[in-house]
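With the hints as constraints, model all of the structure from the sequences given.
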Amino acid sequence: DVKVTQSSRYLVKRTGEKVFLECVQDMDHENMFWYRQDPGLGLRLIYFSYDVKMKEKGDIPEGYSVSREKKERFSLILESASTNQTSMYLCASEGQNYEQYFGPGTRLTVT
Amino acid sequence: GENVEQHPSTLSVQEGDSAVIKCTYSDSASNYFPWYKQELGKGPQLIIDIRSNVGEKKDQRIAVTLNKTAKHFSLHITETQPEDSAVYFCAAAGRRALTFGSGTRLQVQP
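The listed protein sequences correspond, in order, to chains V and H. Position one of the first sequence corresponds to residue 1 (the numbering used here), numbered consecutively onward. Position one of the second sequence corresponds to residue 1 (the numbering used here), numbered consecutively onward.
It should be emphasised that the hints constitute simulated quantities derived from the structure, not laboratory data. From the three backbone atoms N, C-alpha and C, an ideal C-beta is built for every residue, glycine too. Incorrect hints may appear among the rest.
Some chain H residues judged to face chain V by a derived CB distance under 10 Å, without partners named [stated by the list, open to error]:
| hint | residue |
| --- | --- |
| 1 | Val4 |
| 2 | Ser12 |
| 3 | Gln14 |
| 4 | Gly41 |
| 5 | Pro44 |
| 6 | Phe89 |
| 7 | Ala93 |
| 8 | Thr99 |
| 9 | Phe100 |
| 10 | Ser102 |
| 11 | Gly103 |
If you want the footprint, here are the derived chain V segments under chain H, 3+ residues with CB under 8 Å [claimed, not checked]:
| hint | segment |
| --- | --- |
| 12 | 40 to 48 |
| 13 | 97 to 104 |
Shown next, in the form of structure tokens:
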């Protein structure tokens, strides 16, 4: 079974802090994704990566950056957290037939 | 880019009844349509998917239909059970990455 893990289930950060969200997959998948989930808005794509050191902007990249130094690890970075970044963050890894496997999510609160 | 609309936003059914969730998409190049189920406190999990060369697919109590001409696809759950209660998301994939619908909260009343 594919396993996608996220470093934290819950995080509370202050406005202006730098925040790192880590995601690790164990299936040697090339494609990895970061989404944020907000009520009534579904899942919105922040960034994705098709290979190591490769990244591409999704639909809502503003205020975020990413890092993919190793194939199994994809990190989402909030350079200066703001209250409107309070949300559920979901990482996904994609198989060969486009099926995506999600981690359990990180609920981030910025105060 | 792709736009996916999903209806209804909430759905309440009696145990044993059927449930239907509908999605429409805008990009005619989309060719992969998965459905995800998200239980409380968990990430979404793929439950069924369909590709553009197929009109219908079934897996036990779950079925998905696709009408490429009308650009819509639907999830059908028969003989619903309390454990089917969850949020369901449709998605469409075409030129780039998956675009998700806004979700349907399904409540199955025992």
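Taking the hints in turn, this is what the structure says about them:
no.: 1; hint: Val4; result: holds (8 Å)
no.: 2; hint: Ser12; result: violated (18 Å)
no.: 3; hint: Gln14; result: violated (26 Å)
no.: 4; hint: Gly41; result: holds (7 Å)
no.: 5; hint: Pro44; result: holds (5 Å)
no.: 6; hint: Phe89; result: holds (6 Å)
no.: 7; hint: Ala93; result: holds (6 Å)
no.: 8; hint: Thr99; result: holds (8 Å)
no.: 9; hint: Phe100; result: holds (4 Å)
no.: 10; hint: Ser102; result: holds (4 Å)
no.: 11; hint: Gly103; result: holds (5 Å)
no.: 12; hint: 40 to 48; result: holds (count 7)
no.: 13; hint: 97 to 104; result: holds (count 7)
Checked against the numbered hints given earlier, this structure breaks hints 2 and 3; the rest are met.
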